[in-house]
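> Since chain A is already given, all that's left is putting chain B on it; use the hints.
Protein chains: 2
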Amino acid sequence: MNTDMNIHEYIAHYAKEVEDELKRLFPQEWDIPGILRESAQYSLDAGGKRLRPILVLAAAEAFGGRMEAAMPVACAIEMIHTYSLIHDDLPAMDNDDYRRGKLTNHKVFGEAMAILAGDALLTQAFYTASQARSLGVPAEQVLAILSEMAEYSGARGMVGGQVADMQAEQGATDLNGLEYIHLHKTSDLIIFSLRAGGRVAGADEKQLEALTRYGRSIGLAFQIQDDILDVTGTLEKLGKPAGSDEKQQKVTYPFFIGLDESMQRVRELTDEAVSAVSSGTVSNPQRLLELADYLMKRDR
Amino acid sequence: MNTDMNIHEYIAHYAKEVEDELKRLFPQEWDIPGILRESAQYSLDAGGKRLRPILVLAAAEAFGGRMEAAMPVACAIEMIHTYSLIHDDLPAMDNDDYRRGKLTNHKVFGEAMAILAGDALLTQAFYTASQARSLGVPAEQVLAILSEMAEYSGARGMVGGQVADMQAEQGATDLNGLEYIHLHKTSDLIIFSLRAGGRVAGADEKQLEALTRYGRSIGLAFQIQDDILDVTGTLEKLGKPAGSDEKQQKVTYPFFIGLDESMQRVRELTDEAVSAVSSGTVSNPQRLLELADYLMKRDR
Chain A
1 MNTDMNIHEY
11 IAHYAKEVED
21 ELKRLFPQEW
31 DIPGILRESA
41 QYSLDAGGKR
51 LRPILVLAAA
61 EAFGGRMEAA
71 MPVACAIEMI
81 HTYSLIHDDL
91 PAMDNDDYRR
101 GKLTNHKVFG
111 EAMAILAGDA
121 LLTQAFYTAS
131 QARSLGVPAE
141 QVLAILSEMA
151 EYSGARGMVG
161 GQVADMQAEQ
171 GATDLNGLEY
181 IHLHKTSDLI
191 IFSLRAGGRV
201 AGADEKQLEA
211 LTRYGRSIGL
221 AFQIQDDILD
231 VTGTLEKLGK
241 PAGSDEKQQK
251 VTYPFFIGLD
261 ESMQRVRELT
271 DEAVSAVSSG
281 TVSNPQRLLE
291 LADYLMKRDR
Chain B
1 MNTDMNIHEY
11 IAHYAKEVED
21 ELKRLFPQEW
31 DIPGILRESA
41 QYSLDAGGKR
51 LRPILVLAAA
61 EAFGGRMEAA
71 MPVACAIEMI
81 HTYSLIHDDL
91 PAMDNDDYRR
101 GKLTNHKVFG
111 EAMAILAGDA
121 LLTQAFYTAS
131 QARSLGVPAE
141 QVLAILSEMA
151 EYSGARGMVG
161 GQVADMQAEQ
171 GATDLNGLEY
181 IHLHKTSDLI
191 IFSLRAGGRV
201 AGADEKQLEA
211 LTRYGRSIGL
221 AFQIQDDILD
231 VTGTLEKLGK
241 PAGSDEKQQK
251 VTYPFFIGLD
261 ESMQRVRELT
271 DEAVSAVSSG
281 TVSNPQRLLE
291 LADYLMKRDR
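These protein sequence lines map, in sequence, to chains A and B. First residue of the first sequence: 1, per the UniProt record's numbering; consecutive thereafter. First residue of the second sequence: 1, per the UniProt record's numbering; consecutive thereafter.
Simulated from the structure, these hints should not be mistaken for laboratory data. Be careful, since some hints might not be right.
Have a look at the derived ranges for each label pair, beta carbon to beta carbon [unchecked claim]: (1) Leu175/B x Glu209/A: 49 to 59 Å; (2) Asn95/A x Gly34/B: 17 to 27 Å; (3) Gly34/A x Glu140/B: 29 to 39 Å; (4) Glu261/A x Asp20/B: 42 to 52 Å; (5) Lys107/B x Lys297/A: 39 to 49 Å; (6) Glu21/A x Asp271/B: 41 to 51 Å; (7) Ser134/B x Gly34/A: 40 to 50 Å; (8) Lys297/A x Lys16/B: 55 to 65 Å; (9) Gly110/B x Asn6/A: 42 to 52 Å; (10) Glu209/B x Lys102/A: 23 to 33 Å; (11) Ala12/A x Gly280/B: 24 to 34 Å; (12) Asp260/B x Asp97/A: 49 to 59 Å; (13) Asp260/B x Lys102/A: 48 to 58 Å.
Bear in mind the structure is a predicted one, so any value in this text is a computation, not a measurement. Even glycine gets a Cβ: it sits at the ideal position worked out from N, Cα and C.
This is chain A alone, in the form it adopts within the complex (with noise of 0.2 Å):
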């Protein structure tokens, strides 16, 4: 372990490996179109935060495995994570414009190209993990790696959770409904994050059922303090105008328990966070708390 970074160096330092690891996907020699390699590596390129690619390294490392194993399993949920947000931008889903400040996807390439651009993420995804095998990990647990990640991105998860978001209105969904939009939309992918990460170190089951739980709750408190932000942030430091949520009439939780309520349920989700990974299962938890702090603390 790097112990010598602090968190925020430690972040960087990942994100960056991860960032030169995706524009490596689609090799110069293999004979796809062109303009699908752009359309799909200018989305890979658009940024963020790389935060789950970083959980499937941090994970793996809180177990003693090694993070050259996790990576190909890091730059597949991170190419999941991409291909939602092009499907999501789409003029048929959100219609937005801009993401990260960049035009997105489909103003660039056009919607047809944005939609396959998307599918080609997806579907390479599983290609991209199942790479974990050509670096030492054993097939059955990269077979478990892929068979959870289509259950955590797919209708039971991620794409559950983006149905019930489009089909949530301000004054037709409660709390519970909003509930299950963020687990599944996500903190699905969170958790499966974490659990890969473990796996490819060859963490048991009640090792992963830890990080499961450390995930649902850093994962739900992200989603919460998005909301807050979405509050209280800046154009600067989002991306997108402070306020949007609301204009769109978003179901947000400062929009059912305001924002004093929901910053403290934040602090209490990174309490059981903390707790979940703190108990003795997860072997060497230090940079896993530190992420929970970090992504506690953001302001963008």
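Just chain B now, with coordinates in the frame of chain A:
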């Protein structure tokens, strides 16, 4: 092997088995939005020849494998085929209102839901295929199947073919370009289906190579036959007006080399397919031979 069925009965029998399995993909006890289940199921139920799953099963049988163990992969490939049709029909893509005489997914459920139902089917396909493990297929083989499924259906495979097809125009694309489109848009899923069936049955590399050659030939023949039927077929049999490719300025084999030579090419490719599995590499090629013949003679 059920030698008492002729090839038409064989196809009907296993199409029915696959359809029964497909109904159980999103179990009622799964807590997913009802509309997502309905939308995905609508397109899975929309009929079609179920050619790809039948090729999985026939390839497994050709090497003495258990049909039951091949069933998850058979369903998975039909899910991938189905998602590709849903996305292909979208207004931003081919903008089709009908498929096989039924309203397309987005005409019934709206565009956003159609995009998400496609995403859910694509994702779930990897989960479904992974279930072959619990039916006794070794983890290494299942992993190889998932990895190849991603390759053959992603950027280097079907999605790449879709992109090339979207960009192709009469006058701007040549016969080589058309072959690229057909190879990836159609043949790749067919090649995958055969290889995956072979893997379920424990086929070795040389045997998988024979299946690949067979698949490349019948895949191309299948697509040329489709082009021919678009010129010569009837609305009643095709579920769409004959001549619709010509009207949409689609590049087709008859457009490049005429009807007679296209028909000749189908016969040649069928001969190549037959020869690929007749040299003794494939233990029991009977159904594969019958399927090649059936596909050449089909009129819808």
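> If a hint holds in the structure, say so; if it doesn't, say that too.
Right, here's what the structure says about each hint:
1. At about 58 Å, the beta-carbon gap between Leu175/B and Glu209/A stays in the expected band of 49 to 59 Å.
2. One distance hint, 17 to 27 Å for the beta-carbon pair Asn95/A and Gly34/B, holds here, with the actual separation near 25 Å.
3. In this structure the hint that Gly34/A and Glu140/B lie 29 to 39 Å apart at CB holds, the actual value being about 35 Å.
4. Taking the beta carbon of each, Glu261/A and Asp20/B are about 50 Å apart, inside 42 to 52 Å as hinted.
5. About 48 Å separates the C-beta atoms of Lys107/B and Lys297/A, a value consistent with the hinted range of 39 to 49 Å.
6. Between Glu21/A and Asp271/B the CB atoms are about 45 Å apart, so this pair conforms to the stated range of 41 to 51 Å.
7. Against the hinted window of 40 to 50 Å, the Cβ-Cβ separation of Ser134/B and Gly34/A comes to about 41 Å, which satisfies the hint.
8. One distance hint, 55 to 65 Å for the beta-carbon pair Lys297/A and Lys16/B, holds here, with the actual separation near 58 Å.
9. The beta-carbon spacing between Gly110/B and Asn6/A, approximately 48 Å, falls within the hinted interval of 42 to 52 Å.
10. Taking the beta carbon of each, Glu209/B and Lys102/A are about 45 Å apart, not inside 23 to 33 Å as hinted.
11. A C-beta distance of roughly 59 Å is found between Ala12/A and Gly280/B, which places it outside the suggested range of 24 to 34 Å.
12. About 51 Å separates the C-beta atoms of Asp260/B and Asp97/A, a value consistent with the hinted range of 49 to 59 Å.
13. Take Asp260/B and Lys102/A: their Cβ atoms lie about 52 Å apart, and the range 48 to 58 Å holds.
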